[in-house]
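Q: Okay, here's what each chain looks like letter by letter:
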Amino acid sequence: MFHILATGLPDEVVFWLEQRLGNVSVQTTQHGKGALETLARQEWSLLVLGPNLDHSSALGVLNSISREVKFARLPVVCCLDKSQQRSLTEQLVRQFGATHALTLPFNQEELAQKIASILGFPAPVRETPGQQEHRATTTAVGEVWQRFKATIQNRIAILEQATVALLDGRLDENLRQNAEREAHKLAGSIGVFGFPEGSRLAREIERLFETGTPLDQARTLRLSELVMSLHEELEREPFPREFVSSSGQEAPFIVVIDNDRGLYEWLPLDAAARGFRAEVAPSAAAAKVIFSHQRPDVLFVSLTCLGNPEERLALLVELNSHSRPVPIVVLAEDDTLVARLEATKLGGQRFLLKPLSLAQLLETASLILRRLRVSEMKVLAVEDDPQTSAMLRATLEAQGFRLTILDNASAFWEVLEQVIPDFLILDIDMSSFSGVDLCKVVRSDARWAGLPVLFLATHVDTDSAHRIFAAGGDDFLKKPITTPDLIARIVDRIERVRVLLDTADTDSLTGGITRQKADQILNRLFPLAKRYQQPFSLALLALDHYQQQKDQYGSTVAKKVLRRLGELLLRTFRAEDVVIRWGENQFLIGAYGMAREDGVQRVAETLESLRQEKFIASHEIYFQATFSAGVAQYPGDGIDLLTLSQTAEEVLTQAQKAGCNRVLPAGWQQQPIQNADVVLVDDDESLAGLLLHALDTRGYHTQWLRDGQAAVEALAGNRPQLKARVVLLDVGLPSLDGLSVLRQLAQPGMPQQARVIVLTARSTEEEMLEALELGAVDYVTKPFSMPVLMRRIRRELRK
Amino acid sequence: MELAKHVLIVDDEDHIREIVQVSLDIVGKLRVSTACSGKEGLAKAEAEQPDAILLDVMMPDIGGLAIFQQLQDNPLTRHIPVLFLTAKVQLADRHAFLTLGVKGVIAKPFDPLQLANQVSAALGW
Chain A
1 MFHILATGLP DEVVFWLEQR LGNVSVQTTQ HGKGALETLA RQEWSLLVLG PNLDHSSALG
61 VLNSISREVK FARLPVVCCL DKSQQRSLTE QLVRQFGATH ALTLPFNQEE LAQKIASILG
121 FPAPVRETPG QQEHRATTTA VGEVWQRFKA TIQNRIAILE QATVALLDGR LDENLRQNAE
181 REAHKLAGSI GVFGFPEGSR LAREIERLFE TGTPLDQART LRLSELVMSL HEELEREPFP
241 REFVSSSGQE APFIVVIDND RGLYEWLPLD AAARGFRAEV APSAAAAKVI FSHQRPDVLF
301 VSLTCLGNPE ERLALLVELN SHSRPVPIVV LAEDDTLVAR LEATKLGGQR FLLKPLSLAQ
361 LLETASLILR RLRVSEMKVL AVEDDPQTSA MLRATLEAQG FRLTILDNAS AFWEVLEQVI
421 PDFLILDIDM SSFSGVDLCK VVRSDARWAG LPVLFLATHV DTDSAHRIFA AGGDDFLKKP
481 ITTPDLIARI VDRIERVRVL LDTADTDSLT GGITRQKADQ ILNRLFPLAK RYQQPFSLAL
541 LALDHYQQQK DQYGSTVAKK VLRRLGELLL RTFRAEDVVI RWGENQFLIG AYGMAREDGV
601 QRVAETLESL RQEKFIASHE IYFQATFSAG VAQYPGDGID LLTLSQTAEE VLTQAQKAGC
661 NRVLPAGWQQ QPIQNADVVL VDDDESLAGL LLHALDTRGY HTQWLRDGQA AVEALAGNRP
721 QLKARVVLLD VGLPSLDGLS VLRQLAQPGM PQQARVIVLT ARSTEEEMLE ALELGAVDYV
781 TKPFSMPVLM RRIRRELRK
Chain B
1001 MELAKHVLIV DDEDHIREIV QVSLDIVGKL RVSTACSGKE GLAKAEAEQP DAILLDVMMP
1061 DIGGLAIFQQ LQDNPLTRHI PVLFLTAKVQ LADRHAFLTL GVKGVIAKPF DPLQLANQVS
1121 AALGW
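Line order of the protein sequences matches chains A and B.
Residue numbering for the first sequence follows my numbering, starting at 1 and increasing by one per position.
Residue numbering for the second sequence follows my numbering, starting at 1001 and increasing by one per position.
Quick caveat, the hints were computed from the structure, so don't treat them as lab data.
Hints may contain errors.
As the list claims (entries may be wrong) - Derived Cβ-Cβ restraints for the label pairs, each shown as a range: (1) A/221 <-> B/1066: 37 to 43 Å; (2) A/260 <-> B/1048: 37 to 43 Å; (3) B/1078 <-> A/338: 47 to 53 Å; (4) A/11 <-> B/1069: 56 to 62 Å.
Backbone N, C-alpha and C fix where the C-beta goes; we use that ideal spot for every residue, glycine too.
The task is simple: from the sequences and hints, build the whole structure.
A: This is the structure in C-alpha cells:
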C-alpha cells in the first residue's frame, strides 16, 4: 500500500484515484504550512501538487521541501500551466531533481498512470465506455452478418447471372431490371454490416444496370470486375480499421460561425453520420459562449460574420485560451487578396470558397482531423539503451505511431531524410554520441526548423536543461516515462506544428516561410516604413494560364512551374524581402525600403528569367510559362497594408486584362496609341524585338518606327501624330539618317517634349557632339547591354 | 430514473431491423420495437406510441411517403417525429422530405456505430 499526499486535488479525483489504482491511499491536505506539517508526520511515497494549487503555493511547498534532507528523494508530481511551462520547468528542475511535471489541462488518467509508473506498478490502459460500446456493437453486428451472409451472397449471385448473360449477349429486360433492383438493395445493406466499400461497389453496379445505360464492351468488363471485387470484399473482416479508428474516442466537435441558416439545416445530422458533433453559431459572440464550455476540434468561420475587429479579437482570445491550438478554416464569398489577408489574420489554416456544400465542409473537417490522427504520425527515435527502446516500441507502436528507432548515429541523416518524421526523440544520455549534438545538427538545416524534438533523460539538472534548450530541443521527459505523458507530448507538438503550417506545398515552395509568419513580418515592416519614411513595395504575381496548365499537364507538373518561380523570386529579391506563395497560383512580395520602380524591375527580371525556362510535361513535350504582376508602393498607392494590397490586386488584374505576361506599376493607364512612353526608331528587327518586349513587360507603351522619314512624319511638326516621352534614335537609318531626324525635331518653335537618346554603332566624337548639340539627352553605343539601356531609359522617363 | 426513449423501426429487410435494434440499443441505450411492413408499422405506431419512428422509404406494400402521410393524417400518430431511411439522398429529395415535415433523413447504408448519434442529433435528444 502506497501512501500519497495530495494538495490542490479535488475530492472526487482523490476518490477516483484510489479506485483506479487500488493499492494507494491518498490523503489530502491544505497547502502551505498544513502540507509541510503533514509531510513531516509520516513516510510518504509520493506528493501530488494538483491543478487547484497556484504556482506560488506550489513553489512555496517545493522550496520548503528542498531544504529538508529527508525529503530529497520524495517524488513530486506537479501540475503545470503550459504557458509557464518552460520557465517553471527549468526552475523546478534546478531546485528539485525529483519532480515530475504534468501539464494542464488536467487529465486524471494521466495522473494515475504517472503515479503508477513512478511507484513502479503497472496500470494498464483502460478502454473508455465509448470504445466498449463500439466493440459490443461490432460484435453484435458480426453475429447478424453470420446469419445473413448466405442471403446477401444469393443476391450477388443474381448479379453474376445477369453479368454472364450480358457477356453471352442474352441479357433481357427482365433480368436487367432484376439485377438493378438487387444491386440497389445491396447498396443499401452491405455497408451496414461493416463493408462500406461493398456498398460503393454495389452502387456502381446498380448504375451500370440502370435502364438507359448502354452496355458496351468496356462497361461489361467493368461490371464483371465489380462483381468479383464485391465477392472478395465480403470475404474480408467487417468493419475495416479505418472505420473503427475514429470510433470509441470522443466525437470530434465542429463549430461553424456563419449566419447562413439554410446551408446548415442538415449539419448536425450529416455530421453525426461521420461521427462528428457539430454546432452552428450565428455570430462570434455566440461562438464564444460555446468555446467557454468546450474546445472545438475544428472551427469554420465565415468572413462575413466577423464584422468588427473587436469581435474578431475577442474570438481569437477565447480560442487561444485553450491549451491546444484550434485548426481554423475560413469561408469566404470570393477569392481576393483582401479576403485571404483577413483569413491569415484569423489564423486560418485553410480557405474555402462559398457557395459550398455540407459534404465539402465535412470532408474538409475530416481531412484536417485525419491529419491530426495518430496513425499518420511518424516518429524517429535515436536511443541506444535497449530497455528504453523496448518501452518506446511498446508504447508508441501500440498507439499506432509509425516508429523508427536508431541505436547509433551513423545513418542518422539518411534515415532522417528518408523517413521525414513528424517528431524526433533523442536520448540525452547516449554512450557513443551526443543527443544534444544531433539536435544542433538537425536545427542547422532550415528544412527541419519545424520538427519537434523531445529529449529523454534519466537525470536532468540545470546544465542539461540549458543545453537541451540551447541546442534547439523543444521539450524533455524524465525517465521513467509513462505512456500518456509521451503520447500527450508528441501529439500535442505535432498538432501545433501542423496547425501552423499552411500546407506542405506552401512551405517547400517559398523556402520555409509560412503565411502566418510572413504576415507577421509584413505587419512589422510596414509600420517601420511609415516611421522612418521609407518606401515599401508590395507586388502580387499570378502565373498565367495556370488552370490550363494543370488541365493539360497535370498538377504535379504545374506545381513545378510554381516551385521554379518561387526559386527565381528568391534569387532576384533581397534576403530581407518577404516572398510568399499566395493562393493557388500567386505570389506576394513585400519589400521594405524598395520603391515601386525597383520592384517593377526586379519582378520584370524574374519574368524574363522565367520566360527562358523550358518545362518538361512529359516525354518530348515542353512548355513555357509566364506570369502577370502588379506592383504598388507606400507611400502613394495605399495608406496601409490593406489598401496597398487592394491596389496591387487591381493592377494585377489590369496586367491580366492587357494580355498577361507583363508587370505593371500602380497608376498604370492604358494609353491611346498616339501616346507612347518610348518610341524606337531603328531598322534592326532583332534589337527592336528584344527592346520592345522588355519595355512592354514593364508596362511601357511603345511604338516602333523603322526609318527616318517615318520618324519625322510622326514626331515632327507642331501637332505631331505621335507623342513620345523618350525616343530612341538610331543614327544609321534608311531613307533619312538619325542626325537629320534630330535636326528636324530640333526645329525652333517645335514643342520639344521627347527626350532623345541616340543609339549608334559608330562612335566618332563629332557625331556624339553634334547629337548632343541638337538636343539629344544621351548617347549609347552599340552593342550595348540591355540593363544599361533600360536604366538610361527609365532615368529619362522619370524626368 | 428517466425511462429510455422508444424508437419504432419500420423496414421490410430483416437484417436492417436487427442491426438498427442492436445499434440503437447498445450505443444509444434506446428501446427498439420493429415492424416489417407499412401496415404493421401504422398499427404499431398507433398502439405503442413510440418517441420516434425510423421509416424505410422503399417498401413493397406501401411506400414510405404514403405511410408518412397516413401517420400525419391520424391524430393519434401525427405528433410522433419521423426519420426517413433511404438509399436516395439527393439534395432535391431531402428538401422535398423536409417540406413534408420529416424530422431528418438517414442515408443507407448507415454506419451502425454512428446511427444512434444521428438519431439523437436529428431529434435533439
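Q: Which of the stated hints cannot be reconciled with the structure, identified by number in ascending sequence?
A: none
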